[in-house]
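Enquirer: The residues making up each chain are set out below.
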Amino acid sequence: MNSTGPIENWNVNPTEVGPLYPFVGSEMLMIVVCAAFFLAFMVWKFSTENAKYAEQVRNLRASGDLAKAPAPERKHSLQ
Amino acid sequence: MDNELNALTITFTEFYYWVTVVLMFLIHVGFCLYEVGVSREKNKLNTLMKNSMLIPTITIGFFFVGWWLYFAFQNGPGITGPLKSAPWSEPWNELMGPHMGGEPAGDRLTSDDTALWSRLNGVFWAAFLLFSWTAGSILSGAVIERIRSGAFWVLAMLVGCVTWVIGAAWGWSDSGWMVKLLGYHDAYASGVIHALAGGSALAILIQLGPRIGRFRADGTPRVFPAHNTWLIVIGMFLIYTGFWGFYAACNVPILDVDPDDGRSFFSATTIYLTPTTLSAITFNFLMALTGGLLVGYMVSKGDPFWTFQGGLGGIITASAGNDLYHPVQALLLAVVGVWCAYKLHYWVERKFKIDDAVGAVAIHGYCGAIGVVAAGFLLWGYPSSPNDGYAPITPWGQLIGAVIMFFVLGFIPCLILTWILKKLGVLRIPPEVEVAGLDHDILASATADRNELADAEREFMQSRLAT
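Chains as they are written, first to last, in this note's numbering: chain C, 1 to 79; chain S, 1 to 467.
Rather than coming from a laboratory, the hints here were simulated on the basis of the structure.
Careful: at least some of the hints might be erroneous.
In silico DSSO-like links for lysine-lysine, alpha-carbon gap of 27 Å or less [unchecked claim]:
| hint | chain 1 | residue 1 | chain 2 | residue 2 |
| --- | --- | --- | --- | --- |
| 1 | C | LYS45 | S | LYS423 |
| 2 | C | LYS45 | S | LYS422 |
| 3 | S | LYS353 | S | LYS422 |
| 4 | C | LYS52 | S | LYS422 |
| 5 | S | LYS423 | C | LYS52 |
As the structure is a prediction and not an experimental result, all values here were calculated from the model.
Whole structure, please, built from the sequences with the hints as guidance.
Expert: The structure is reproduced here in structure tokens:
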């Protein structure tokens, strides 16, 4: 049976066994995919963070809560 | 792995580093608890997530870049030699994954490379990675309650994946150019992690500015009461515990240190391959902790925050030479370092209006830099390496080393990156949100949920009583 990796039989000379993971030879592609995912994460973080704070500022200004700024800390607790 | 003794040595080394990594994980748990405890009620969840999420961001950066930088940059490059070849540390290399150590699949490696690195690469990489998390966490505490998480992660990646790793390549490797030319000695990373991260934190704090309300009109600081003292205490004890693991991780557990080819003498060594023992560093770790706790308690007149921080600062101050100091020297050095750091912290705070929420610049930056310089005097003339042609340890070599770590690799890169983030408008939380609390929306939502649930329970009971 074909295998996704270099291992097709464990009954071999161990000193001849190198990498164990599947798809040996595709490391660069995996790195590119991982890097793209991470870059997307960081872009998502910055864009959502900007949008979230802009909305929070609008809501806080509209609600008038800022005039009684410390109140939320005294009022709300998750403890 | 073809005879039992050889196999035992290799698997013991592999297991040794694995254990240190697990122990060092406690440093990060400790930092999270500590920071959340120090933050105010209205900011605690944001503080927790900001620090926790540096784990994945730094890990990815370190896998892609950091591990390779450590080996490739040991000559500068261009100071004592060119960029070094280190294919086992390239992220696409077969040794950056499960490997039996046999014949390499690609042509970038030799069979010697695979035999050496197949069982060490992962655990060695992880040990350095945990140091990287620590470097990031040191910044994290200083900047709580006003920095944006995205900006913080970018800064943490700069320090955790690039600058501290270059510092380690230069001054914390057996062939780093600072060791060769300056005789730089920093066995347990007073400079390469703590002074560097402290300098980085100072640069960020300058650009970031103090929290709203931190300073009175006359310039004196207001105290921001911690919301949970017990989290702080447990966090600090966990940091101490993890730091112990860090000390072990800085050693090579078993190596032939006899230069005579016809004889062998196996010992633990420092990262410079100079001999030391776990016994020696255990003496010194505990005595430095003791000195730091004593002077922290004394100088702060019994303040718990500074007492615990003093213990940490004591260890950091003595770390550069804790492979060689007498335990009493480690204790006395810790006393001097923590006393100076405490005084410097308040002087800098009042003079420059620097709001360092946890005293990170003092405990890591000042104690680390003081420790590096002090090692130059206490270990003056000691060989920095078993290799021929390396400079001995000197006060001027250590002083230059401290400046490189704190300012060149710590302060300057972070000042530049923080300035860019500030110009882009993504560095600091808007003042409205800072005043309302970074968890304002979550806490308001939790309150609404509680109220709705209470209403539902009340309705249920009313209908039940009505029947």
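Enquirer: Taking the hints in turn, state whether each one holds.
Expert: Results for each hint:
no.	hint	result
1	C/LYS45 to S/LYS423	holds, 18 Å
2	C/LYS45 to S/LYS422	holds, 17 Å
3	S/LYS353 to S/LYS422	holds, 18 Å
4	C/LYS52 to S/LYS422	holds, 18 Å
5	S/LYS423 to C/LYS52	holds, 19 Å
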